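> Residue strings, one per chain:
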Amino acid sequence: MNLKNMTADKLVGLYRNHDLSVTEVIRSVFDEIDRNDQSIHAFLTLSRDRALEEARRIDGKIAFGEPLEPLAGVPVAIKDNMAVRDVVTTCGSKILEGYVPPYTATAVERLRGAGAIIVGKTNLDEFAMGSSTENSGFFVTRNPHNLDYVPGGSSGGSAAAVAAGMSVIALGSDTGGSIRTPASFCGVVGVKPTYGRVSRYGLVAYASSLDQIGPFANSVRDCAQVLSIICGFDPYDSTSADVPVEPFQRDIEQPLKAVRIGIPKEYFVPGLDPEVKARFQDSVKQFERLGCTIEDISLPHTEHAVATYYLIATAEASSNLARYDGVRYGVREGESSLVEMYRKTRMKGFGKEVKRRILLGTYALSAGYYDAYYLKALKVRTLILQDFQRAFEQVDLILTPTSPTVAFRIGEKTSDPLSMYLSDIFTITCNLAGLPGISIPAGTNSQGLPIGIQLLGNHFQEGLMLQAAHHFERAFLVQ
Amino acid sequence: MKISETDVEYVAKLANLEVADDEKKELADQLSRIVEYVEQLNTLDVSSVAPTTQILENVKHAIRDDRVVPRTGSSEAGKTIKYFKVPKVITER
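Read top to bottom, the protein sequences are chains A and B. The numbering used here numbers the first residue of the first sequence as 11 and each following residue consecutively. The numbering used here numbers the first residue of the second sequence as 8 and each following residue consecutively.
These are computed hints drawn from the structure, not numbers from a lab. Be aware that a few hints might be false.
[Stated by the list, open to error] Below are the SDA-like pairs computed for lysine to any residue, each with C-alpha atoms no more than 25 Å apart in a straight line:
id, chain 1, residue 1, chain 2, residue 2
1, A, K275, B, E46
2, A, K287, A, E263
3, B, K92, A, V97
4, A, K423, B, E12
5, A, K354, B, D29
6, B, K20, A, G378
7, B, K95, A, D335
8, A, K275, A, E285
9, B, K92, A, P112
10, B, K9, A, L432
11, A, K287, A, L432
12, B, K20, A, E343
13, B, K31, A, V97
14, A, K14, A, D41
15, B, K32, A, K267
16, B, K92, A, G344
17, B, K92, A, Y109
18, A, K295, A, I273
19, B, K95, A, S347
20, B, K95, A, M351
21, B, K95, A, L348
22, B, K92, A, V337
23, B, K20, B, K31
24, B, K89, A, R95
25, A, K295, A, G458
26, B, K92, A, K275
27, A, K354, B, K32
28, B, K20, A, A377
29, A, K104, B, D29
30, A, K389, B, N49
31, A, K362, A, F148
32, B, K31, A, E350
33, B, K31, A, Y379
34, B, K92, A, R333
35, A, K267, A, V97
36, A, K362, B, P58
37, B, K95, A, V349
38, A, K362, B, S39
These numbers were taken from a predicted model, which means no experiment stands behind them.
Construct the complete structure from the given sequences, taking the supplied hints into account.
Here you go:
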């Protein structure tokens with residue numbers, strides 16, 4: 011059995027009707043991983059025994075006709091920057107090699123409570139710093155559509171696992187596009203919720219004012235289902251929003267009513283791939299056919315988003331990553347003095363990109379440069395937020411390509427960090443403004459590489475965003 | 008602003024990082040390019056703009072009541088790990 015394109019929704023139905031057992035599905039997931047993951051490298055750790063034990067428990071419930079949770083027996087992969095108790099959590103970094111957390115992230119706990127079965131932890135750019143999953147401290151993850159190409163990043167392992175049928179859903183985290191870019195490159199759906207929607211408790215911090223956990227799946231409906239489970243107030247996260255969570259998976263079925271969609275003119279950048287542009291324009295027409303009104307809008311500070319992001323994110327990272335000093339977690343090097351231990355541990359444990367970002371962030375925060383770099387970036391962040399506030403007075407949703415290009419070749423951008431940073435141009439503003447965003451597949455290019463489009467909503471408007479995405483996806487599949 | 012190898016050394020020290028000698032030049036070059044790029048923000052007049060550190064306006068006050076609430080996780084860590092041993096911190100002058 012191959013689980014490519016399988017949805018949680020369908021799978022739970024098959025369990026209910028006794029057409030499939032959870033045990034046979036979980037076994038086939040691991041068969042698929044054994045067969046394919048040697049070439050894709052999506053997983054860092056597998057939870058085979060525990061998953062099979064869970065599967066048997068749920069099969070028992072089905073046999074006794076007990077009510078099933080919404081994700082009962084659904085295989086889920088977890089990005090390896092979320093703590094799962096008793097399972098190694100590395101963040102893709104040598105500095106955390108072998109670290110076993112004593113607690114589980116709230117989002118993962120909630121998914122488990124809904125019956126989902128964790129199959130393993132997925133690869134990522136070290137500490138989620140990257141756009142291609144080439145910066146992992148362990149190995150490079152490859153795009154299941156073409157193994158010579160990157161899966162996008164930083165949640166590349168999670169996106170690749172779903173795209174290759176090695177999991178049905180997955181969790182990722184998105185700080186500047188780390189869910190939406192890999193979703194777009196791997197041809198799956200990925201959602202970054204409003205900042206504060208999903209608890210960050212148990213998510214290893216990269217840039218705390220930007221990080222959000224969100225789902226990957228083969229359908230918008232599955233993402234809506236996962237969100238209705240993982241969203242919601244958590245006292246363990248001091249920036250958790252106490253906002254009611256609607257049953258998104260039910261509400262998306264409502265007909266679309268007079269939705270106004272804005273197309274920002276600043277997103278037609280010179281580097282926009284012609285095939286991506288063509289698929290994007292097809293998508294605009296599709297939304298028109300669905301009865302949406304298309305309006306041109308302007309987000310004038312878009313061109314400054316990458317600069318703003320790389321100052322704020324690295325400044326926050328330099329502070330967050332100070333805790334990896336050899337004292338409490340993972341590896342330790344150099345024992346002659348405390349400071350020497352810090353320095354040697356961090357030199358040995360961190361990879362190149364992480365060091366680069368810590369240095370940049372420390373520089374931006376250092377005496378004499380704080381006002382010129384960090385504070386200035388915080389002020390430009392205000393301007394970017396105001397751009398969106400003005401736009402959302404005019405329209406309900408914003409539509410853009412998810413990335414200016416399709417997946418690029420492995421190694422193509424590794425020698426030039428700036429060119430890698432610039433590939434995030436369409437996804438980054440959403441994090442700076444704290445908005446929800448979704449990437450939906452919108453076809454492929456002439457080489458068969460997936461192309462994604464992105465919808466952005468206003469704060470806490472996931473409902474409308476998912477609804478529009480669901481109707482688009484359905485119309486697209488009928489085409 | 009051009010970042011020199013001396014700047015790299017200084018910032019590395021602030022960040023408790025050790026940078027190998029053969030990495031210093033490459034890092035100085037890469038950071039210079041990135042800093043030159045982010046300096047585009049200087050073209051904007053933000054003198055009358057307030058900084059944004061936090062997007063959400065209606066987040067509950069993050070300070071909770073000072074009550075002991077049993078919590079899995081940290082208490083579990085406390086059970087298994089009694090202390091962290093580190094190299095000598097105080098040395099004779």
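> Has the given pair, K89/B with R95/A, been kept, meaning a C-alpha gap of at most 25 Å?
19 Å, holds
> When you check the alpha-carbon spacing of K20/B and G378/A, does it fall within 25 Å?
Holds, at roughly 16 Å.
> If you draw a straight line from the CA of K14/A to the CA of D41/A, is it 25 Å or shorter?
13 Å, holds
> Does the alpha-carbon distance linking K31/B and Y379/A stay inside the 25 Å limit?
20 Å, holds
> Regarding the pair K95/B and S347/A, is the alpha-carbon distance no greater than 25 Å?
6 Å, holds
> Please verify whether K95/B and V349/A have alpha carbons no more than 25 Å apart.
Roughly 10 Å separates the two Cα atoms, so the pair holds.
> Compare the distance between the alpha carbons of K92/B and Y109/A with 25 Å, and conclude whether the hinted pair is satisfied.
With a Cα-Cα distance of about 17 Å, the restraint between K92/B and Y109/A holds, given a limit of 25 Å.
> Is the straight-line distance between the alpha-carbon of K362/A and that of P58/B 25 Å or less?
Not satisfied, since the Cα-Cα distance of roughly 30 Å exceeds 25 Å.
> Straight-line Cα separation of K423/A and E12/B no greater than 25 Å?
24 Å, holds
> For the pair supplied as a hint, K92/B and R333/A, confirm whether the alpha-carbon distance does not exceed 25 Å.
Distance ~15 Å between K92/B and R333/A Cα, so the pair holds.
> Just to be careful, I want the Cα atoms of K104/A and D29/B compared with a cutoff of 25 Å; is the pair within it?
21 Å, holds
> For the pair we were handed, K92/B and V97/A, check the Cα-Cα distance against 25 Å.
24 Å, holds
In this structure, the hints that do not hold are numbers 2, 13, 15, 26, 35, 36, in rising order.
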